[in-house]
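Which chain is which? The protein sequence lines are A and B, in order. Take the first sequence: its position 48, counted from the start at 1, is 48 in my numbering, and no numbers get skipped. Take the second sequence: its position 288, counted from the start at 1, is 288 in my numbering, and no numbers get skipped.
Take these hints with a grain of salt, some might be off.
Simulated pairs of lysine to aspartate or glutamate, DMTMM-like, Cα-Cα distance not exceeding 20 Å [as the list claims (entries may be wrong)]:
no., chain 1, residue 1, chain 2, residue 2
1, B, Lys246, B, Glu283
2, A, Lys114, B, Asp143
3, B, Lys195, B, Glu160
4, B, Lys201, A, Glu83
5, B, Lys10, B, Asp185
6, A, Lys114, B, Glu2
7, B, Lys230, B, Glu249
8, B, Lys195, A, Glu128
9, A, Lys114, B, Asp171
10, B, Lys201, A, Glu118
11, A, Lys114, B, Asp125
12, A, Lys114, B, Glu144
13, B, Lys195, A, Glu118
Here's a subset of chain A near chain B, in silico, CB distances under 8 Å, partners left out [claimed, not checked]:
no., residue
14, Ser70
15, Leu105
16, His111
17, Val115
18, Val116
19, Arg120
20, Leu124
21, Gly133
These are calculated hints, taken from the structure and not from any lab test. Remember, it's a predicted structure, so these values are computed and weren't measured experimentally. Note that CB positions come from ideal geometry on N, CA and C, so glycine has one too.
Chain by chain, the residues:
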Amino acid sequence: MSTDLLNTLVTGAIWRAEQLEEQGIGSAPLAWAEVSSLEERLAIAIPASQPEGRIARRGAVRAALKARDSARAQALTERYLAEKNTTPTLRTTLRQLLEEDARSLADRFRHAAKVVDEARVLALWLHEGGAFGLAA
Amino acid sequence: METLAFYSYKGGVGRSLLLANAARFLASLGKGVVALDFDFEAPGLHYKLGHAPQGERRLSGGAVPYLVATARDSTSPPPLEEHMIEIPVPPGTSGWLRLMPAGPAPDRAYWAALKQLGEAVRFDDPSGQGLMPLLDLYGRIRDELKPDYLLIDARTGVTELGGIATTILADTVVCIFVANQESLDGTLMVAEALKSAPRLKGQRPIRVVPVLTRMTSQLPSEGPLAEGVKRLLDLGARAPGKKESKLFELPHDALVGVADRITGMPSVVFSPLFRSYVELFRELVPASEQQAMEAWNHLYQDVSRMN
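So here's chain B without its partners, still in its complex pose (with noise of 0.2 Å):
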């Protein structure tokens, strides 16, 4: 199982979304997928991902409620498949995904379950009585779901679930940022100590991708944005075969911002955001251009069908 986390420093860079839209392109590349929503205090995975509230329909299960009961009773967790939603995906594709919100947000329960579980557990327990649950849940969807990838979102800022979602739990942490000092240099602070952050046991070094959003214009070539650019490129892991880290830049897209969601609009399918994906996901799974336009083109035609 590869673990990619994604972070960023500040809200509102397009985290989830891209999460989002990872998770069900590998899916379309034929590969298991669980996706993980560890942004408690802001979750919104489910939104991302087609399972909006609607109507009748309500999420009940969730991270944070799974990791409620655990602390209750750990000897005899409830079923992972309560806590986890199937996500659809394109027909004729073999993959598959599931994705285990953080719980039913925005309903008041889910508020009242945050809360518990914040009495119960803290995650810098230093007997690791905060930190095994986490582990825990983390071994039981390697060892009974078997996924080829676990996406995180780990939400922004500096914080304990999020430091350990990226810093112990990822393989790969996707670094989104904006093209601003702020952004930039809250980013750089975090790449820093992931890179010298402790790892359990036959765990590879953090490999961090640095990705620019929301562009509207090119970078400037100097200046402090420039340099710390550069700083951010040299903190990224180098590909195999590949001397030179790379900046992923996702040009800024007003109608993916209005939808939330990717759509089967073909101004959105074949806008440039759409391409900047399929190069960031080559990245990040290795796949040939074919397999990567054919997965595109599944889940082209699904989206289009759903629409």
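In isolation and in its complexed conformation, chain A is listed as follows (with noise of 0.2 Å):
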């Protein structure tokens, strides 16, 4: 696929998640992971020392995280910062999008901010196995 076409694609999926969201629709998460899948997709055909590769790797992450999977956006990130093209800038940017998303979701949840990493470890296995972790 082409990245003219992976381009249009993912300006007409952003626009899509983010009219979902605004609407507060249930499925806007999947929007944003569809978003997230195209912006990967970007990424691998362009390198990170371009700047439309960097924007792509930021976008992956970013759409992760709205799309609430934040596994994934752990993924990616680790990924991305393994690259030897990747400039400190993009460190920093990508390092700073997971560390807001868990400030958010301390702020939000006041009595539970200790345990945010360890919840999500937990929502994950949650999330894979079901309840009880049954259906590992």
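Fit chain to chain and form the complex, with the hints in mind.
Below, the structure is given as structure tokens:
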């Protein structure tokens, strides 16, 4: 798939996700997951040394967080941080995205703020394994 | 705060009634107690604790309306008191008991709130957005009310909320079952899962306390049922100083079944079920026999006065 086509698709997907989010429609996270997937493809096609490649990497992580998939956001960040040509600015931006997301969750739920990271691990366990982890 | 979750794989085993009586017993023992009804699809702990809707008396708050309000604006959650009921404790005891019902069930408003909650929050959301409101509620109860004990009705079956209440929130899970293969097999499966569930840092491994209810005759000494019970006991926690885990057996009592709560009737208070309750509660909460009997006397005098 050409990067032009990917860019067109990602633009449309972002517009759709934003509209769903604005209207408070429950499927907005799914739309953001699609955005993240398209941005990830762009990031594969364009190296981080190019501005468009950096935008795609940032977009893939940001959209994963909006899709409420912090595990994916974490995995993408680790992958991009490990790339040789990732710029210091991009490294900082990616780390900030994850930190801001965790901080926002901690701010919203002050009485559980200390366990945000652990809660995410448990939530992922619950999501993948179902109740009591029985479906794992 | 020690958290006890009351879980049963199948319904109709007396789980909520056991929790309600444990809560009243602990309060009579001088403890601060919060009872939390997480049986959202069939809530009834308020009935068991003497708050059935009657005449003009209706509930308004509860866990479901609280979580809906939190989902709307978690930065300024509503006061816990708006969603709790103060349950009277026997005069002369220093304990207290507060109930957070699931909500104003069976009013239609409750089911509308439950639908809203389902649309706003997915408890298994992998980002933690669904789990955090529950951990926050747990933390608020611990930090603001400072109870000695939190008792959670973890409902029946295999559900996300029941899983969270038992694997993530509880220190002890009281696993209640009846003497048939279906009930026992399901309980075993869940008890095994509890033992391997991940925990928050600093939490102890889950203690499983098996309780066999509605007993009408002795358990067979051999066969699948006996073997299943033995496996369940192997999974059961070893109480400090004890080598063997113990199966608590609560005999069937038709009077309690009809009343759906402990009443002041002497035939109930001095029934084998009553004595079994005391034995179980002393396992859950360290108390001397004398302290336990004094607590029951307080409770007995109180229910006699109310009846």
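Legend entry - Interface hint status, Gly133/A versus chain B (Cβ within 8 Å): Hint holds; Gly133/A Cβ to chain B Cβ min 6 Å, cut 8 Å.
Legend entry - Pairwise hint evaluation, Asp171/B against Lys114/A, where the allowed Cα distance is 20 Å at most: holds, 19 Å
Inset, instruction - So, Val116/A near chain B? Judge it on the closest CB pair being under 8 Å. - result: holds, 7 Å
Inset, instruction - For the pair we were handed, Lys114/A and Asp143/B, check the Cα-Cα distance against 20 Å. - result: It holds: about 13 Å lies between the C-alpha atoms, which stays within 20 Å.
Inset, instruction - Compare the distance between the alpha carbons of Lys201/B and Glu118/A with 20 Å, and conclude whether the hinted pair is satisfied. - result: holds, 8 Å
Inset, instruction - Verify the proposed pairing of Lys201/B with Glu83/A, using a straight-line Cα cut of 20 Å. - result: Violated, at about 33 Å.
Inset, instruction - Return the status of the interface hint for Ser70/A: holds when the least beta-carbon distance to chain B is below 8 Å, violated otherwise. - result: holds, 5 Å
Inset, instruction - Let me know if the C-beta of Leu124/A comes in closer than 8 Å to any C-beta of chain B, holds or violated. - result: holds, 5 Å
Legend entry - Proposed interface contact between His111/A and chain B, which counts if any beta carbon pair is under 8 Å: Since chain B brings a Cβ to about 3 Å from His111/A, closer than 8 Å, the hint holds.
Inset, instruction - Please verify that hint: Arg120/A, Cβ, nearest Cβ of chain B, below 8 Å or not. - result: holds, 4 Å
Legend entry - Hint consistency between Lys195/B and Glu128/A [alpha-carbon to alpha-carbon, up to 20 Å]: At roughly 18 Å apart (the allowed maximum being 20 Å), Glu128/A and Lys195/B satisfy the hint.
Inset, instruction - Below or equal to 20 Å on CA atoms is what counts here, so check Lys10/B against Asp185/B. - result: Given pair Lys10/B, Asp185/B holds - Cα atoms ~10 Å apart, limit 20 Å.
In this structure, the one hint that does not hold is number 4.
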